[in-house]
Amino acid sequence: MYRSGITPFGSIVLWLALFLSGCEQQDAVPIRLTGWIASPIEETLTRTFVDTFEQRHPGLSVRYEPIAANYMDKLLLMLATGTAPDVIMIEAFWIPLLVEYDVLLPLDDFIGRDPGFFPDDFEPVLLDAFRSGGALYGLPKDHSTLALYFNPDMFEEAGLAVPPRNWDEFAEFARRLTRDTDGDTRIDQYGYGHAEDLEYSLPFVWQNGGDFIDGRGRIVFAEPASVEALNFLRRMKTGGIAVMPSDVGAAWNMDAFGRRRVAMAISGLWAANFLNETYASVPYRVAVLPVGKLPASVAFAVGYGIPKRTRNPELAWRLLRYLTGPEGGRIWVKSDIGLPARRSVAQEAAIERDPLKRVFS
Amino acid sequence: MMKISVVRRRVARSGILALLLVAAAVFTLPFLWSLSVSLQPPGDVFRWPMKLVPDPFTLENYRRLWTEIPFARWLLTSAGVALAVTSANLFFDALAGYAFAHLRFPGRNVLFTLLLATLMVPAHVTLVPKFMLLNALGLVNTYTALVAPAMVQVVGIFLMKQFFESIPRQMEEAAFIDGCNRFQVFWRVVLPTSKPALAALGIYTFQGNWNEFLWPLVVATTSDRFTLPVGLAMFRYEFRVEWTLLMAGAVLIALPTLIIFLVFQRLFIQGIATSGLKE
Amino acid sequence: MLSKAISRNTGPGRPADMPERRREARAAYFFLLPALIVLSLFAFSPLVFIFVVAFFDWNLFRADLHWVEAANFVELAGDERFLTALRNTTVYVLGVVPAQTLLALLLALAVSWNIPARGFFRAAFYIPAITSSVVTSIIFLWIYSKPGLLNYVLFRFGIEGPDWIGSPKYALGAIMAVNVWSTSGYFMVAFLAGLRNIPASLYEAARIDGAGPWARFQYVTVPGLKPTLFFVVTLGIIGTFQVFDQIYMMSAGGPVNATTTLSYFVYNSAFRYFRFGYAAAAVVLFAIILFVTRVQRRIIRPEAP
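Protein chains in written order, with the working numbering: chain A, 1 to 361; chain B, 1 to 279; chain C, 1 to 305.
What the hints contain is simulated information worked out from the structure, not anything from laboratory work.
Quantities reported herein were computed from a predicted structural model and do not represent experimental measurements.
Treat the hints with caution; some may be incorrect.
[Claimed, not checked] Pairs of lysine to aspartate or glutamate residues, derived as DMTMM-like cross-links and limited to a Cα-Cα distance of at most 25 Å, are as follows:
1) C:Lys226 x B:Glu165
2) A:Lys334 x A:Glu277
3) B:Lys195 x C:Asp79
4) A:Lys308 x C:Asp57
5) A:Lys293 x A:Asp153
6) A:Lys334 x B:Glu242
7) A:Lys237 x C:Glu69
8) C:Lys169 x A:Glu91
9) C:Lys169 x A:Asp197
10) A:Lys334 x A:Glu54
11) C:Lys169 x A:Asp247
12) A:Lys334 x B:Glu172
13) B:Lys195 x B:Asp224
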């Protein structure tokens with residue numbers, strides 16, 4: 001549609017454009033890669049990655065074009081105009097949407113004729129997260145589930161030795177951890193800091209047998225099981241034993257944890273890195289989430305896909321298979337925000353013996 | 001009588017001065033805070049009570065900005081783009097503003113209303129057709145894409161029109177009689193008397209373009225085409241923001257606009273001294 | 001409002017003979033040419049584009065477009081969030097524009113006074129305009145937070161303050177205050193330039209006629225500032241209609257849509273719910289509402305400027 005909107009003006013300036021842009025030099029076409037920048041380490045890893053890829057593939061070059069802010073806005077605009085890079089970083093959550101808009105290339109054919117790729121090596125749940133209608137639209141790079149961070153010093157002061165195992169203990173511990181620590185009669189340490197975003201209420205809803213999202217990908221709140229779970233959280237908040245980050249002047253829930261304003265908070269592996277660097281003096285431990293009617297947590301999976309309108313799908317696949325393949329996948333082991341998506345890589349890195357990382361797998 | 005009024009005036013003056021000082025503090029505090037944070041080592045910068053004197057003091061953030069990212073390159077891009085845009089606007093906006101203010105032509109009112117109408121559309125909406133147009137022209141990720149859409153601004157035309165309307169026409173008439181054509185009148189008579197308005201336009205355009213974030217973010221895809229605000233956003237990682245670096249960047253971004261303001265604002269002073277506002 | 005400002009300057013003094021008129025029009029188009037070329041590409045064509053897209057069910061992607069006639073508009077009329085956005089935008093404009101204009105004028109007058117360190121004050125008042133919106137948002141979020149500076153001050157007076165941005169009752173007002181703070185110094189610049197444009201002779205004449213400071217302000221400064229005032233108010237209205245950054249960074253439209261303004265609604269519709277046609281329709285509908293209210297006002301009060 002937009003074409004008819006601009007054609008009258010477009011034709012006027014088309015020859016002008018030839019003057020302005022006609023002098024671009026034509027090198028060997030680089031494979032373009034984009035992603036958001038999750039952490040400094042991630043950025044370094046990506047650049048290492050590009051370097052090793054170019055070393056292993058003489059004649060191929062990669063142009064890394066990170067997007068610093070408004071990632072989805074810019075990505076969608078580029079996808080819509082066919083200017084998106086050849087390999088794009090995506091979250092598994094976006095797959096239904098991107099598939100509906102028909103902008104991603106199915107990868108099954110590529111995998112089918114690539115015997116060295118070993119797709120069975122991926123965690124099956126992670127691969128499923130990038131699947132839609134039987135076709136695979138992305139490959140995972142790393143993942144992390146949500147777990148419970150708690151402050152062991154605060155637990156000790158409250159006479160608690162172990163993290164809460166179920167909802168009752170969770171609420172009871174939060175009550176005992178809510179205290180006035182400096183004796184001015186105002187509460188300055190709360191039991192639990194709850195993040196505003198929907199994803200952080202989701203584990204509670206799932207653990208209660210409910211859901212937020214119906215078959216058509218729409219958000220529904222009316223289910224009794226969901227309402228019950230949300231009410232549990234609301235009671236903690238109105239009871240004064242749980243707070244939102246803004247209640248205590250924090251930017252997000254782990255920021256509140258770092259400022260010692262809350263004793264427990266839920267987050268992914270990325271928060272450990274944040275605490276280490278920003279609040280090095282604050283002790284923390286990590287445990288699996290307290291269990292409701294059933295155990296459940298939310299997995300955040302990040303991976304790469306190929307836009308449908310890419311000019312060179314074969315080259316894009318070569319980059320993508322290296323990014324997520326058995327060899328390149330190893331680079332992500334050093335990531336500070338996610339666990340490797342490949343089981344062989346995770347085994348090699350002995351994730352299950354890492355006291356911190358294994359909680360998030 | 002005289003004495004009382006002198007005393008009253010003095011009291012009033014010191015009252016106003018005190019008020020202005022308080023206001024100045026309120027207006028500058030956030031900037032001073034970011035300056036202070038930029039001189040601190042990384043850590044919890046949001047502690048309470050707020051510290052305005054950095055302790056310990058360090059220039060490390062500025063050093064890192066200079067060495068870890070292509071700061072000079074982005075600065076150059078930003079400066080080049082902003083200067084090109086500002087000079088284009090000073091000339092083209094003044095030309096168009098003059099036409100709207102002093103010349104009669106068919107379609108003037110309709111055209112001007114249309115201009116104002118374009119201002120009502122939120123930037124996020126125009127982003128899409130603008131990007132599509134530049135893409136159709138093959139100009140995505142070029143300097144042209146950074147400069148061309150901002151070369152003329154409706155706000156600038158509007159500003160110049162408003163000022164030209166308050167300029168008496170007698171001077172122009174005299175110039176016509178001397179045999180100048182319209183462009184010569186505009187160039188030799190009207191523009192030299194419009195320095196304050198041009199100063200305001202220069203300040204507004206430079207600042208607006210210098211701080212522009214959304215457009216360069218979308219239209220520049222490789223880091224050699226980034227402007228400073230886009231480049232510095234790289235320090236806002238998804239899960240961790242390097243506040244001290246970000247603040248050092250914010251301070252450095254603000255400095256050129258402050259300098260431009262200080263340079264141009266001298267053009268306001270002269271006039272006011274003779275305007276009779278002073279007591 | 002517009003036509004009046006223009007018609008005043010078609011003034012007398014030039015013969016209305018045809019060749020002269022034609023020459024003048026030709027000169028005008030020549031003067032306008034560069035501006036029209038650039039604006040056609042980057043201002044008018046997006047306008048046309050938006051107007052057309054408003055009648056389609058378009059999301060940036062779908063190749064097969066659906067002409068939906070006025071369905072977008074009908075849906076908007078019943079969309080609770082759009083109506084809330086309209087209401088919030090109205091409150092925002094009516095609250096911020098007079099306050100920022102008045103404050104900008106006061107600041108401009110104050111720093112034009114013969115006070116010491118005028119240059120310093122001028123720069124100081126301009127500083128919010130150059131402080132990055134990220135910094136501004138962070139600081140004010142902190143000032144407004146439950147344990148923040150504002151509540152600390154209120155506590156001293158025995159008042160228990162709320163979480164300002166977290167409360168649907170106060171959030172919009174709190175962000176409006178930030179807006180007034182950050183733009184009044186910006187518009188001060190326009191007033192400074194406007195003050196400079198008032199001929200000194202007018203003040204002299206008024207002084208000779210025995211006018212005091214207040215009378216001089218009333219009869220010389222205010223009329224002389226009218227074009228500037230028109231500019232500042234118009235730009236203020238446009239700026240507040242378009243307010244986005246602060247809302248995006250401080251409250252994200254919440255709590256419960258208390259700070260969802262029109263531009264935020266449009267952004268959400270286009271880039272969060274991927275309904276570009278719907279977003280475009282919201283812009284068009286809003287423009288229509290604006291136009292109708294203006295025409296209405298003119299019918300009721302034909303003399304209104």
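**Prompt:** Has the given pair, lysine 195 of chain B with aspartate 224 of chain B, been kept, meaning a C-alpha gap of at most 25 Å?
**Reply:** Judged against 25 Å, a Cα distance of about 36 Å means the pair is violated.
**Proposed proximity, glutamate 242 of chain B with lysine 334 of chain A (alpha carbon, max 25 Å)** = This hinted pair holds, its Cα atoms lying about 21 Å apart.
**Item:** Pairwise hint evaluation, aspartate 79 of chain C against lysine 195 of chain B, where the allowed Cα distance is 25 Å at most
**Value:** The given pair, whose Cα atoms are some 49 Å apart, is violated under the 25 Å limit.
**Message:** Given the hinted pair lysine 293 of chain A and aspartate 153 of chain A, is their Cα-Cα distance within 25 Å?
**Reply:** Status violated; Cα separation ~29 Å.
**Prompt:** If you draw a straight line from the CA of lysine 334 of chain A to the CA of glutamate 172 of chain B, is it 25 Å or shorter?
**Reply:** violated (73 Å)
**Item:** 25 Å limit on alpha-carbon distance, applied to hinted pair lysine 169 of chain C and glutamate 91 of chain A
**Value:** The hint is violated at about 35 Å.
**Prompt:** Can the restraint linking lysine 334 of chain A and glutamate 277 of chain A be considered satisfied, given a maximum Cα separation of 25 Å?
**Reply:** The hint holds at about 16 Å.
**Asked** Regarding the pair lysine 334 of chain A and glutamate 54 of chain A, is the alpha-carbon distance no greater than 25 Å?
**Response** holds (20 Å)
**Prompt:** Are the Cα positions of lysine 308 of chain A and aspartate 57 of chain C separated by 25 Å at most?
**Reply:** holds (22 Å)
**Message:** For lysine 226 of chain C and glutamate 165 of chain B, compute the direct alpha-carbon distance and say whether it is at most 25 Å.
**Reply:** Answer holds: lysine 226 of chain C to glutamate 165 of chain B is near 10 Å, not above 25 Å.
**Message:** Would the hint linking lysine 169 of chain C and aspartate 197 of chain A be met if the CA-CA limit is 25 Å?
**Reply:** holds (21 Å)
**Prompt:** Can the restraint linking lysine 237 of chain A and glutamate 69 of chain C be considered satisfied, given a maximum Cα separation of 25 Å?
**Reply:** Roughly 47 Å separates the two Cα atoms, so the pair is violated.
Violated hints, listed in ascending order, are 3, 5, 7, 8, 12 and 13; each of the other numbered hints is respected by the structure.
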